[in-house]
Amino acid sequence: MSPQTGSRLLPLLVVAVLGAGAWAFFDTFSNIGYAPTQPIPFSHKIHAGTNKIPCLYCHSSAERSRHATVPAENVCMNCHTVVAIDKPNIQKLTSLYQSEQGVPWVRVHRLPDHVYFPHKWHVAKGIACQQCHGEVQTMDVVKQVAPLKMGWCITCHRQNKATQECSACHM
Amino acid sequence: MSHVEGGATTPQTPKTPKYWTSVADFEGEPGVRDLQSREFKTPSETPTELPSRRDFLKLLGAGAAFAAAGCARKPVEKILPYLKAPEEITPGNALYYASTCGECPAACGVLVKTREGRPIKLEGNPDHPLTRGGLCARGQSSVLNLYDPDRLKSPASIQRSNGAASAATWGEIDKKAVRALQQAAEQGKSVVLLSGTITSPSTLALAGEFLRSFPASEHVVYDAVSSDSIARAQELSYGARLVPGYDLEKADVIVSLGADFLGSWLSPVEFARGFSSRRRPESGAMSRLIVLEPSMSLTGTNADWRVRVRPDDLYPVAMALAHELLVREPRGSLSGDAAVAAAVRPFPAESVETAAGIPQGTLAALANELWEARGRGLVLAGPQAAPAAHAVGLQVAVNLLNSALGNEGVTVNAASASNQAQGSEESMTRLVERMRAGDVGVLLVYGTNPAFTLPAAVGFADAMKRVPFAVSFSDRIDETALLGDAVAPDTSHLESWNDHEPRRGVRSLSQPTITPLCDVRPVQETLLAWARFIGKGSLAATTATWHDWLKERWRTEVYPAVDAAAPFDLFWEGALRTGVVRLGTPAASPRPFRSGSMTGLPEPAAGTDRALTLVLFAPTALYDGRSANNAWIQELPDPVTKVAWDNVALVAPSRAKQLGLTGPTENVLAGEVIVVDAGHAKLEIPVFIQPGLHPDVIAIAVGYGRSAAGRVGNRVGQNAFALAEVTGGRIGTAGIAVRVQNTGRRASVAMSQGHQSTEDRPIIFESTFVEYQKDPRSGNESHDHLPSMWTRHKYPGHKWGMAVDLTACIGCSACMVACRSENNVPVVGKQVIGQGREMDWIKIDRYYSGDPENPETVHQAMLCQHCENAPCETVCPVLATTHSAEGLNVQTYNRCVGTRYCSNNCPYKARRFNWWEYSEVKEKSLRLVLNPDVTVRTKGIMEKCTMCVQRIRDGKEHAKALGIPVKDGDIQTACMQTCPTDAIVFGDLNDPQSRVAKLAKNDRGYHVLQELNTLPSITYQTKIRNREEGSA
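If you read the sequences in order, they're chains A and B. Be aware that the first sequence starts at 1, since it is given in the numbering used here, and climbs by one per residue. Be aware that the second sequence starts at 1, since it is given in the numbering used here, and climbs by one per residue.
Okay, chain A solo, but in the shape it has when bound (with noise of 0.2 Å):
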């Protein structure tokens, strides 16, 4: 190698290092184990876990949408107009639910804005909620475990012959 080659690649070692570095330096950073404290402190073990409540009960909308959704206050009352009516986190719900008023959860889960997840597809194919959500029929309060970034979402497609077209998620 000439000296002259060696001073055209430096330029490009360095931007490996330093691209190298940021992206331990972000991948630190991403949300894995996120778990914030939720305004009414519902569990899933309860309900998904010990209840066996299909996860499409309340999250009705992964099969037909992009969106799974938090279910709506209604979906609560179904069942808690008369199961643990004694209790106080159901009175508060309860209370909140009679005086119009919507329980504001913290959200988990979270894609950026430029990216478009199709949970319907997903749903369709078979994939089961664990896969990306953890086990949360084990949690009692929902905590994320997969990354949710671009790399580990192309892996799985890849995996599995899925598209790797850039406008099936970007648009």
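Treat each hint with caution, since some may be false.
Said to hold, decoys possible - Within a straight-line C-alpha distance of at most 30 Å, the following computed BS3-like cross-link-like pairs (lysine-lysine) qualify: (1) B/Lys153 to A/Lys125; (2) B/Lys682 to B/Lys78; (3) B/Lys967 to A/Lys161; (4) A/Lys125 to B/Lys956; (5) B/Lys465 to B/Lys922; (6) A/Lys161 to B/Lys794; (7) B/Lys153 to B/Lys465; (8) A/Lys52 to B/Lys465; (9) A/Lys149 to A/Lys87; (10) B/Lys153 to B/Lys176; (11) B/Lys960 to A/Lys143; (12) A/Lys92 to A/Lys149; (13) B/Lys465 to B/Lys113; (14) B/Lys960 to A/Lys149; (15) A/Lys125 to B/Lys967.
Rather than coming from a laboratory, the hints here were simulated on the basis of the structure.
With chain A fixed as given, assemble chain B onto it according to the hints.
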């Protein structure tokens, strides 16, 4: 003839004329050429403006702030689910409601797209019999009005003494109004409803019932853009006051005397549909459009034959045409009528031609052409194109021509008359007199803004002082509301119920698609409430809401008139679903022409007064200025001048030379400011050199210069309504003698075209219909297959493509606003447009050819061509712009680092760079109009047409869910959906049966800059003009 040899430079085909974009471009001013050759202009070359402008623009730039991802901990975001989820709403899925556009009285059918309960876009309703899926630029814009932060949040009281407004409750306003109404009734004074045209039969009936309960009352209808002279002339000629329906799809020859039916007059979408259905060379026949006009209207730019005529010569020209047909060479049934003959005899063609300065023989040729197409022709005249003294006479002459030619009852259809223009200028001016005399006790103002649109000479503001109580139903404290006592704000057309009957026999419904965003109330509810408080008349006892009232009228009036087998409730649901029903109407039949209407018409003018004459016109974008606070409308460049955010004084090139005036050019974005002095009023306004204008004419668009529209529309341009004159109760907007004086100052003018150059490469191919019939490839002879270094892409599934028909495109620019609405394209403002940094993904370029004094025009939609060999893709260093497996050239915003190499390398100049953070929005309400399916772009990244990739996705997902293949026509881009002339066709080029695949292969199809071998996915169809060689 081949395009191959010579590589980049291509010899022109003999038929291809030289195209130019302005007079400066035509004359090849060196500065212009130099500037056009540069990719990006630096801001220092453009006039600077006050820094507050930037803040103000942030108000407009639509967009939600991106959450920072990556190194920062994500912001805590809340999710508020529905309390009780509405059954029909699935978050993430759009719902469409059939409704009616309320932007203007044309009342086109729309589908309102809602997401999570908020309207985000309007689309044309394909089931509407008149507009058939088309929607104009203003209709597309009207969804933004809903979220206008300057709308009144609640009713308001106005202090008459100082015009100060204060918020009020509905209770206070009701009390005030009821007291005033009762007082007026006690004192025997009139209660007057002053409104714009109301196309809703139910609202009209309700207002009628309301007014009937007062001893003295009147409903005065006043339209600033008026068709009153037509209604008056129809009354004279045929006995009934109406504006007929015009069926352009039946017309082989259309002669327009200053009627801008494709731009702003009466029902442009319906007319564009009808007109363009007869402009298909492939069908073997083409209609012919002949325009005689003083200004250069959008209709004029589409003429096959265009003659420039002074406004005061339009009436003599129409009479001379009648003279040719009925006297010089008597033809047809009316030729024997003595009264008719006596009236037209003073107008022999030769002397009219001499006086009007048009070539001898023009009118004889025109008359022959009309006679050849008798019963299949149509003569139209602009209701405000002639001076006030001529306006009715011109329309009577037109009635005579249509009757004599047998067009009456065929293309002129009184059986299905138009309800879209009911205004009467005489009743308006009479009302002002009565107000001044103190006759009017209460004035209710609804859907009209006379304080802005009436010339000062009428004295409306003074007369208002004599009205004890005036209340406006405007959604803001506009110029008229400021002169009154209270504002009882009406809802937006997207928030309330209504019905419409744009033409007799076509009934459509409006339904609310969102709960009112402010404390506003439909005007109909307000009237019902007041009637109940007063306790008199038929409405007093009713407990019905406006919705009940409307439904009841449909039960008793509409339901029996349709042949419905279903019970009413089912019929009602069906009507809501389709949005429109047809009632049985009698077929059109010719009405006998009353030759008595020919008596008392104006005589030919004695002298020849060739002074400068003023023409005011309603522009395609702003119309009468009602939505001046809508940034999408303000930013829409005028289809002819390409000036945005301003009105200008149009001057013909020869006249400008003579007066020593210079307008804005591509490198000097400022025009000399002139004083246009009409005697009774004057205006200071920048000059714009407009090819095609009659040299005696100064033309100015109205609708600009609002003072109480809101933060966007205030003080944009000048109010040209002030220059109108009043003659015998009629309001004249044309043929006003003016003098001009140069102030020597210059004012900035921003144009959306001209900052880039085609460098004389042929990008438009055109021919004539005669030539086309001999050879369909006429004008488009070269289709070369160039050798390529690249291996062709493979498109195993779909390959999306588009066809744009230059013959069908009229330049109306509806597609531009549809694209903004669909794709969250930001508004950038005047200064940035001046820098050549407009953001539109699709724009309509307008090119002239021929003589600058009367050029031919072609409109060309320019957008990303989605090239197979895309020059942008090869230069992107970060793979942000790539080729999809379906032939789309896709842009991945989050990859883009803003090198702008792609834009530099794009031969079509179709890429747009975010120079500013347009996505920062101060006004939260404006975020609600964003399409949640499309990423909002941030500063520093490149964007461009995606062929509505989100709509393609929706179409594919829909087909996938049903397990069927995607059907041709199921996926429509936003521009294609709204196009009133069907000039844009999108589809799958891999499907040989698709419309776009057939168009891509047809003889008129060509690719722009095909010699570059970029292999665009967009095929243009040649422009075919229906003219004889050399007759232009």
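- Message: For B/Lys153 and B/Lys176, compute the direct alpha-carbon distance and say whether it is at most 30 Å.
- Response: 19 Å, holds
- When you check the alpha-carbon spacing of A/Lys125 and B/Lys967, does it fall within 30 Å? Distance ~24 Å between A/Lys125 and B/Lys967 Cα, so the pair holds.
- Query: CA of A/Lys92 to CA of A/Lys149, is that 30 Å or under?
  - Reply: Roughly 36 Å separates the two Cα atoms, so the pair is violated.
- Mind checking the alpha carbons of B/Lys967 and A/Lys161 for me, to see if they're no more than 30 Å apart? Answer holds: B/Lys967 to A/Lys161 is near 26 Å, not above 30 Å.
- Task: Starting from B/Lys153, check that the Cα of A/Lys125 is at most 30 Å away, please.
- Result: 48 Å, violated
- Message: Can you confirm whether the C-alpha distance between B/Lys960 and A/Lys149 stays at or below 30 Å?
- Response: 27 Å, holds
- Do the alpha carbons of A/Lys161 and B/Lys794 lie within 30 Å of each other, as the hint requires? 18 Å, holds
- Message: Can you confirm whether the C-alpha distance between B/Lys465 and B/Lys922 stays at or below 30 Å?
- Response: Violated - the C-alpha atoms of B/Lys922 and B/Lys465 are around 38 Å apart, more than 30 Å.
- Task: For the pair we were handed, A/Lys52 and B/Lys465, check the Cα-Cα distance against 30 Å.
- Result: 75 Å, violated
- Task: With a cut-off of 30 Å on the C-alpha distance, tell me whether A/Lys149 and A/Lys87 pass.
- Result: 39 Å, violated
- Task: Decide if the proposed pair is consistent with the structure: B/Lys465 and B/Lys113, CA atoms, cutoff 30 Å inclusive.
- Result: Violated: B/Lys465 and B/Lys113 sit about 44 Å apart, past 30 Å.
- Message: Given the hinted pair B/Lys153 and B/Lys465, is their Cα-Cα distance within 30 Å?
- Response: 27 Å, holds
The earlier numbered hints that this structure contradicts are 1, 2, 5, 8, 9, 11, 12 and 13.
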